[in-house]
Amino acid sequence: MTRAGRVVLLVLGLGGLLALLAIAAADLPAFGSVHSAYAAFARHAAYADRHAANSVAAVVFDVRGLDTMIEEFILFAAATATALLLRSTREEDAERAEDHGEGDALKLFGIGGVGAVVVLGLYVVAHGYVSPGGGFQGGVVLATAAALVFLAGTYRAFRRVTPQSLLEGAESLGVLAWPALGVGTLASGSAFLANVLPPGSIGSLASAGTIPLLNAATGLAVASAFTLIGVEFLEELFAERARGEEGRS
Amino acid sequence: MTAVQIMALSLVALSALLVVLTRDLVKLTIANSIYGLVLVVLFLVFGAPDVALSELVVGAVAMPLAIVVAIVKERGE
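The listed protein sequences correspond, in order, to chains A and B. Its first residue numbered 11, the first sequence is counted upward by one per residue in my numbering. Its first residue numbered 1486, the second sequence is counted upward by one per residue in my numbering.
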């Protein structure tokens, strides 16, 4: 295709997209408008039916629980694929490269930070259905704590707190809890992943029925999947560094 | 729309521009995490604390870390 032809195609495409966006934007409800049928439904489903103070959690872990379960599978597949691809290029017993730790100030900040980040992560996971947060957000915060060990400490320390077999087991457990609970709700005579447990009193940790269980399972799966992906990337990096050092000596 | 919301929107647009215009990879990583942080403020002032939390950890921590690893690997250090 000639350059002029490509430009014509680009202009047509961009013009068409702009026109469609303009039509769609003209039809949107006014900014800040609170009247939405779905919002009203979600609020009612969260507060009145499930006693979940965070309506986002009620939607994610209950109303569209099946979607979230498949999202968990996608995350699991992504982490597994990363591990498979990177591990196949690595020799199993390759010599592990050593790294020296960083400066004292960074170390001190990091050591203080790790504990605080772990507590924050656990808090965000545990209160996912009573305040903003939840398994996804808290899980990533927990994985960040592991990354902090690497950033402020050494690679050896990082690998000591992240054994691969533990991460793999925890991730599988977190993901498997979803279909297991779904089968459990089927066995109790309700729909797959229906909220069959008593809703409890709104705003307390003992509320929202099955949502806390699925939320905790998600926290476990996300924390270990993100840490596993980090481990695989860094392992690759340090295997390469070790190969480079061998080549030089 | 309040003044804070307009400010957050403009800051996001500005820092996005900064990300696109930065050529140096290390500076790009820093610009990208600034963009992530500004996006957190945007989500917060538009009343979406859940999304802000996700963006905070992914945009300001996880993504820069992945990019830094990629840069180091690419340079073969």
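Treat each hint with caution, since some may be false.
Derived pair list, reagent style DSBU-like, types lysine-lysine, alpha-carbon separation capped at 35 Å [stated by the list, open to error]: (1) B/Lys1558 x A/Lys117; (2) B/Lys1512 x B/Lys1558; (3) B/Lys1512 x A/Lys117.
Simulated from the structure, these hints should not be mistaken for laboratory data.
Hint check:
1. B/Lys1558 x A/Lys117: holds (24 Å)
2. B/Lys1512 x B/Lys1558: holds (17 Å)
3. B/Lys1512 x A/Lys117: Distance ~24 Å between B/Lys1512 and A/Lys117 Cα, so the pair holds.
When held up to the earlier numbered hints, the structure conflicts with none and fits them all.
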